[in-house]
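Student: Fit chain B to the known structure of chain A by using the hints.
Protein chains in written order, with full-length UniProt numbering: chain A, 1 to 265; chain B, 1 to 276.
Just so you know, the hints here were simulated from the structure itself, not pulled from any lab data.
In this text, all values refer to a predicted model and were calculated from it rather than measured experimentally.
Think of the CB as a built atom: it goes at the ideal place given N, C-alpha and C, for glycine as much as any other residue.
Don't take every hint at face value.
[What the hints assert, rightly or not] Examples of chain A residues lying across from chain B (beta carbon under 8 Å, computed): (1) R11; (2) G32; (3) I146; (4) R184.
[Stated by the list, open to error] Pulled a few chain B residues facing chain A out of the computed Cβ check, cut under 8 Å: (5) E35; (6) S63; (7) I101; (8) N183; (9) D187.
[To be verified] Derived coverage of chain A by chain B (criterion: at least 3 residues anywhere in the stretch with Cβ under 8 Å from a Cβ of chain B; other residues may be distant): (10) 21 to 30; (11) 33 to 45; (12) 72 to 82; (13) 107 to 119.
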Amino acid sequence: MSLLALQRDMRDWLVRADMAAAARIQSSCEAGFAVYQNNYRSQLVTCLESSFARTRAWIGEERFLHAAAHHIDDVPPSSWTLDAYAHDFPVTLARLQPHDPEIAEIACLELGLEELFISADGPAVALDHLHDLDWEYALLTFQRAIDLVDLKTNAFAIWSALVAGEEPPASQYLGTPETALLWRQDEQCRVRTIDAMELQTLLDLRGGLPFGAACRKVTVQLGEDRGIALVGQWLGQWLADGLIAAITAQDKPVGSGNPRLEGPC
Amino acid sequence: MIPSFSGFGLGLRTPHYADFFDRDVAVDFLEVISENFMVDGGRPRRILRDIRARYPVALHGVSMSIGSADGIDGLYLNRLRALVDEIEPLFVSDHLSWSRIEGFNSHDLLPLPYTMEALDIVCANIHRAQDALGRAMLIENPSSYLDFASGDMTEWEFLNRVCARTGCGLLLDVNNVFVSASNHGFDPIAYLDGVPHDHVRQVHLAGHSQGEHLLIDTHDRPVPPSVWDLYAHILPRLGPVATMIERDDDIPPLGELLAELGTARTIAAGAVRAAA
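Pulled out of the complex, with its shape left as it was, chain A reads as follows (with noise of 0.2 Å):
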């Protein structure tokens, strides 16, 4: 037998206890194929078990190994490392609690400050010279250590609560859909929820939209000075929360009839 299918044999021993593969590799320690079989399974829920602690509370013991159980069978690892393992698991739980949605949720919030955690490192953009830029024109680049969670339930209040040790509320969905912003300052992972209309604005500026447009795209809807205000709320949050890399100027548009902003709005 060839080493690549003796391992083909091994692998599928592993993912789909196949006796017939176990037999063909003809080992006198019958035994130890438990063994090897007991650690895969074993690591691979110690890992869900670890990355979803917050989810796994939240749904008990017994529904967590169920769901772990299936996502075994059907997501075989492939990654080099066991922490990618967790990647795909929220997708299981959605899939198999179609009716109780909050749980995929509080499991995106969990994977996504997990992934946070060791994402790459980023300095905030420096303060002091803002007031020089044009914003008008201004580019905004954000941290790469960013990720946004759609939330549809009531997931990040559950969330709260049971990070905070206290009794979680009942799941319900919201009036309206909201969106969790994650981001890493330093080394500490945070969370926030932002509504519909700063979630556009954070992706219009992170494509590449100059401060000036998202801006006018706001004011558009809400009045200018009611616009204005908003956006330099968000601007100065952002800052604070160290979510910025930097801020750079687009080359002006030749001949460009718009109008310039003084500062930041």
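Tutor: Just chain B now, with coordinates in the frame of chain A:
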């Protein structure tokens, strides 16, 4: 040949981070699990940089999969190389085992048949890894729970050939020798006497537990007398080595591990006196 380092160390584990930052701990080096720090950034990388500023560090991997019939993951090697360049470790090691095949990764140290074909594959993979890392590696003997009818040689004969063909060194895990010897019925002394002593650069000492049918390499308890006896047997046969207590589960207060390290130091001192 890989430069030798003589000393006594521990595996760095999360519950002991504060001990190592708060005071000078009497260890000569620390070993970390490479994969835990092959991340883009954040606290793990900062902690490793801070630890490295205070102690020599050995990088010990569990996912290189040098026995994979379809080769080594190049992206894995790139990440490990970046960590090696930053940390400048004493040693870079991984196991004589496989974990990945055709996109599947078991995250376990699966055993190899000790055949000529496997020897060719392992050596090719080690050559590739050493080229990518720009340095020679240490290969650790694994614990195993399966043997194979197709084997052409013993594990120690296999290791001799691997060292000769690739120039790699050995990380000799004495507990793994004991566990595999018990599970497969070979003589651990014959194993220890048979490995290429001049290639051994590091020694692991750990505990194991009794499973239903087999000994299991659990690393969740103190080094047992049986393993200390084997350590005392092999030490006089080795040159300067880095000896380490490896504890991965039920991790006790640091003082207990330092006491075990004291036992290793006492045995080593006895070996020196006996040689004199």
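Student: A separate judgement is required for each hint: does it hold in the structure or not?
Tutor: Going through the hints against the structure:
1. Because the beta carbon of R11 (chain A) sits about 5 Å from the nearest beta carbon in chain B, less than 8 Å, this interface hint is met.
2. Hint status for G32 (chain A): holds, given a least beta-carbon distance of 3 Å to chain B, under 8 Å.
3. Violation of the interface hint for I146 (chain A) is found here, the shortest Cβ-Cβ separation to chain B being roughly 13 Å, above the 8 Å cut-off.
4. Restraint check, R184 (chain A) versus chain B: the minimum CB separation of about 7 Å is within 8 Å; hint holds.
5. Look at E35 (chain B): its Cβ gets to within about 6 Å of chain A, closer than 8 Å, so that hint holds up.
6. The closest approach between the C-beta of S63 (chain B) and any C-beta of chain A is roughly 5 Å, which is under the 8 Å cut-off, so the hint is satisfied.
7. Here the hint on I101 (chain B) is kept, as its CB sits about 4 Å from the closest CB of chain A, short of 8 Å.
8. Interface hint status for N183 (chain B): upheld, as the beta-carbon distance to the closest one in chain A is roughly 6 Å, under 8 Å.
9. Hint on D187 (chain B) is violated. Least Cβ distance to chain A is approximately 17 Å, over the 8 Å limit.
10. Taking a C-beta to C-beta cut-off of 8 Å, the segment 21 to 30 of chain A contributes 5 residues in contact with chain B, enough for the three needed, and the coverage statement holds.
11. Interface restraint, the segment 33 to 45 of chain A with chain B: holds (7 residues with C-beta to C-beta distance below 8 Å; minimum three).
12. Beta-carbon proximity to chain B at under 8 Å applies to 7 residues in the segment 72 to 82 of chain A; the threshold of 3 is reached and the given coverage holds.
13. Given as covered by chain B, the segment 107 to 119 of chain A passes the check, having 4 residues with a CB less than 8 Å from a CB of that chain where 3 are the minimum.
Hint compliance for this structure: hints 3, 9 are not met, and every other hint is.
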